[in-house]
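Colleague: Going down the list, the sequences are from chains A and B. Counted from 1, the first sequence has number 476 at position 91 by this note's numbering; the numbering is strictly sequential. Counted from 1, the second sequence has number 1068 at position 817 by this note's numbering; the numbering is strictly sequential.
One or more of the hints may lead you astray.
To be verified - These stretches of chain A come out as covered by chain B in the derived footprint (C-beta under 8 Å, 3 or more residues):
hint	segment
1	405-416
2	508-520
3	539-549
FYI, nobody ran anything at the bench for these hints, they're computed from the structure. None of these values were measured; they are calculated from a predicted model. Where is the CB? At the ideal position from N, CA and C, for every residue including glycine.
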Amino acid sequence: MRLSRKAFSMIELMVGICIFALAILPLVWMSSKQTTGAYHVGKHMMAGQLAASYMDNILNRDYEEMQKLVGKKIEGYVLDKDRNVTNLMDLKEIAESLQNEKANNNIQASFKNFKYRIELKENSDEKAISVMVEVSYLVNEQSKRVDDTKKRASLIIHAVKYGEND
Amino acid sequence: MLYKFFNKKGNITVVLIGLISVMILMTIALSKRMTGHTQLLTLGDYTQISRYFLESYISQVMQQVRKQVNDPQSPLSKKICERLDDASEGVDLNDSFTYEKSDSLEYLTTIYGNNNKITRKDPILRLTRKTKPLKYPEGIMPPPDKTNVEKRGYLEITCKCEFNKREYTLTVQYPFSVVYRMTPILKDFMLFVDNMWYEQKAYSSDAVGVGWAADDRINILGIEKGKVNKTEKAKTLEKDFSIPTSNYAIRPMVLLSPYQTGNEDYKSSGMVYWGPTTNKNGSHDDTFEKSIFYNLSGITPDSGADNDTIDLNDMYLIPKYAFDPEVESDDSENNTSNDKPEVSEISDNEVTFPLGYNGANIKAYGINVELETGHQAGMIKVGVFGFCKEISSFLGKTSDKWKIEDFLGDNNNGNDLLKDTFWGKICDDNDSDEYLKYASGIKPFGLHYKGVTDLRTQRQIFGNVFERFLVLTFWEFEGGEALVYNPDLAINEIQGIAPTYIPDRIMKFWPKGYREDMPRDKQVEIYRKYMSKIMSGLKPKDNYKSEEYSPGKFQDLFIPLNINYELTGKHEIYYEDKCKPNDGFEIKKGWFDTFGKKWFEPSNDKKIENIEQRIGRAYTDPEKFKNAVGFNNKDKKQFKINGVVYVKGDLDLSEGMDLKPEDCSGGIVLVDGDLTLGNITRGEQINASKFEYISQSSPATEYFTKWNDENTPETYIGSDKILTFVCIGNNRKITIKGNILLGVQLINLTSNAPDKGNHYDQISWNLDSKKEEIIFLGSIICNRLNLVNRLIEFGKITDSSDKTIDAPFFVYPPVMASGTPPLAVQIMENMRSYQLTSGVAPE
């Protein structure tokens, strides 16, 4: 007696689904990675912009003003006020000045775990001050160990400012 | 067939292969997309890294450029400061710029890891083609070799680097200018007071003309025995001039050069201007009413101690040619000899006059003229007297034998002398003979050294400035008679007036050049030289007509104070056209009086290029200025101007500064407010009490010499170290609270025209509590000096002294009159353009 093949059998279906699932898994993984990557790219770009603005702020000061910052501890969260050392305008203040609740909330959320660190070292022989600006952010926003450096990614830029050398 | 198709065994495999292929393609696409994001991000990071590296590089290059441009020995400075003949292609500076590596920058090239090394390339410097020369106002003419030297434009710096196979280039432009560190023309003056004449003005009325006697605030120095009369102190100023002084003595302002005994280079001793030279119509003669009359300090040779070598005697300023000492005599009846009588030259030659009490003799400088040889001779004595107490005692109304009228006539005698308001005042007031003891409070020719006939400090005096002294002519024979001033008196009318030595024998007096056949007015003109008179300008009391009283018309009665050193000492009035500084700059006629406003005041006229276009930095806060130039440095005070700087607000530098040569860079500070100065010393402690005028080897001279000697670099004050402080705006004041100012020019020239009676002090010394001698090495430029207050301020410092000459030390540094004035290169703080580009790195 001949069998008539008019449909897939269950097992064939199961096998097919399994194979499809196995095949699609890397895609999903890649897609997830891509989303994460895009997220990191965004954070990285934000960190880059922040670092650049901090660096520009420092470099625009007079050499004598910068000398006062050499050796001082300049670090903190970007949303916190820093009036003791650098007098940098913090993002929280900028956000509040926008007078737009939605934009304010967005900024607060976006920069919540961003930290900055600025180091100045002077080479008095050359009358030069090396500036290092590091802006770091949480790789995984859901992580509770926000100060764990292993959970953070950072962007570092360096520059040197020269004063008038008599 | 369909059955056969469905019987084939490879269907699932094909489907699987197809599915897998699609998945692979999708994976590749996603992967590419992710890589693109990463590449973009990486590119952004690389650009940012390169940008900050290049900015650091630019900063380092700028540091070296700023250091080299104002080092006169560096090729870069020489290249930028040279004449700009053609900038159409820009000016390449690479060959002139020496780049030195920086460890900090080199470390930056490796900081991102050895695989991410940044490769630095050599910088490129140039002046862009928009570099143009700075112009001058119409009345200032630079010499050909100094046109196109001052300039402004843009300095372009290009820095390149290579990072991860890409080349990044950053090009920036900074505005720059090249300017002189000192003000043209003015830097060659030691004292420039364009409204000095106002201090001889009659303040009590609207009268046109020079003030006299009590209104004369220039001739206020009482002289006795050739020096300042200290015994009477300031009471005389209160009594005679109605100037309240609170019982202070006054001390003169003596202008020195670093060379105490003779000076061949009069162009480097600091010129003097006591203006004005023109009126609003541009005419010189009409400003005669604003002339200045300088009373020469007198001395009689037997006065003063024998061991005094220095005094304030001005009598050597009387030109010998004015009295043309060769004379002839003719006794028409008995003269058998054609020999001319022996005559003595004026100056330092003693002539005795029986002018004292009870017929006692008094000596003066002058000529003894014997009128005949071979016979008992009459003697004409022509004596010149400066203003001093000895004269006022003997010639005034207090004399028991002679009165002034006996020599100079009274108001009814002599049409010309009548109009001399100084003479008129002496005749009118009962006590006005006291004014005969007052000489000028400023001594522009320094000091007089006994026994040395060369002129002291040789200096040019610009403006209508005339020297004033007395000429007394005495006919000595059998008691003697004064020859009274009488312009109408001619020789052939002496009979009956002139004395005779024997009855019926008339002694004629024939000065050189006189001829009987010459016109009468010429005869009178020659004879008049030897008459008793006051040598001064004629100031009318009434009906003043300027054309009648021009200096050219009465040359024998006007002797300018200024000396033409190139013409064997002839005295001439000098105006702007005679101003020939060593650097070759010239000034148009009439511009002395407008220079301050034209040069220092901002103008809305875009065609005018004055000091405003030369400003390199501007500060709205004086404290920021002080921080920037190094004045507020706690460990080492500096004052580095390097160009022209504007400061808004009152500038207080009363703390003073002690500047070694490396701590100071000269330039011009424009203060839009009041200025207060403390001591400005030059790297060494000076004991001002040791300064004395004694001789060439005195401590004062030693200091003056080493400040001017390039071979002593630790104490030499070069022209590039001179600090010029300018107060701009109306009613500004410069207050000096330090007794020592070295290498400084003070300018306060933009006040409005003085009001009647307005004596505001543009420059003043406030040293009451300090009580230390003033030592000023520099130059003063202002509209009004207000001399009375200055001399009182000098007197407040020391009240009595046993010094040979008691006066502050005002010395002009010859470096200010340099033929090659120093330049400064100013690079502005603000960047004009910024261009960052990148591309694939060349292989």
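Colleague: The segment 405-416 of chain A covered by chain B? Criterion: 3 or more residues, Cβ-Cβ distance below 8 Å.
Modeller: Held - the segment 405-416 of chain A has 7 residues with a Cβ nearer than 8 Å to chain B, which meets the minimum of three.
Colleague: Count the residues of the segment 539-549 of chain A whose Cβ falls closer than 8 Å to any Cβ of chain B, and tell me whether that reaches three.
Modeller: holds (count 9)
Colleague: According to a criterion of three or more residues whose C-beta lies within less than 8 Å of a C-beta of chain B, is the segment 508-520 of chain A covered?
Modeller: holds (count 5)
Figure legend: structure checked against the earlier numbered hints; every hint is met.
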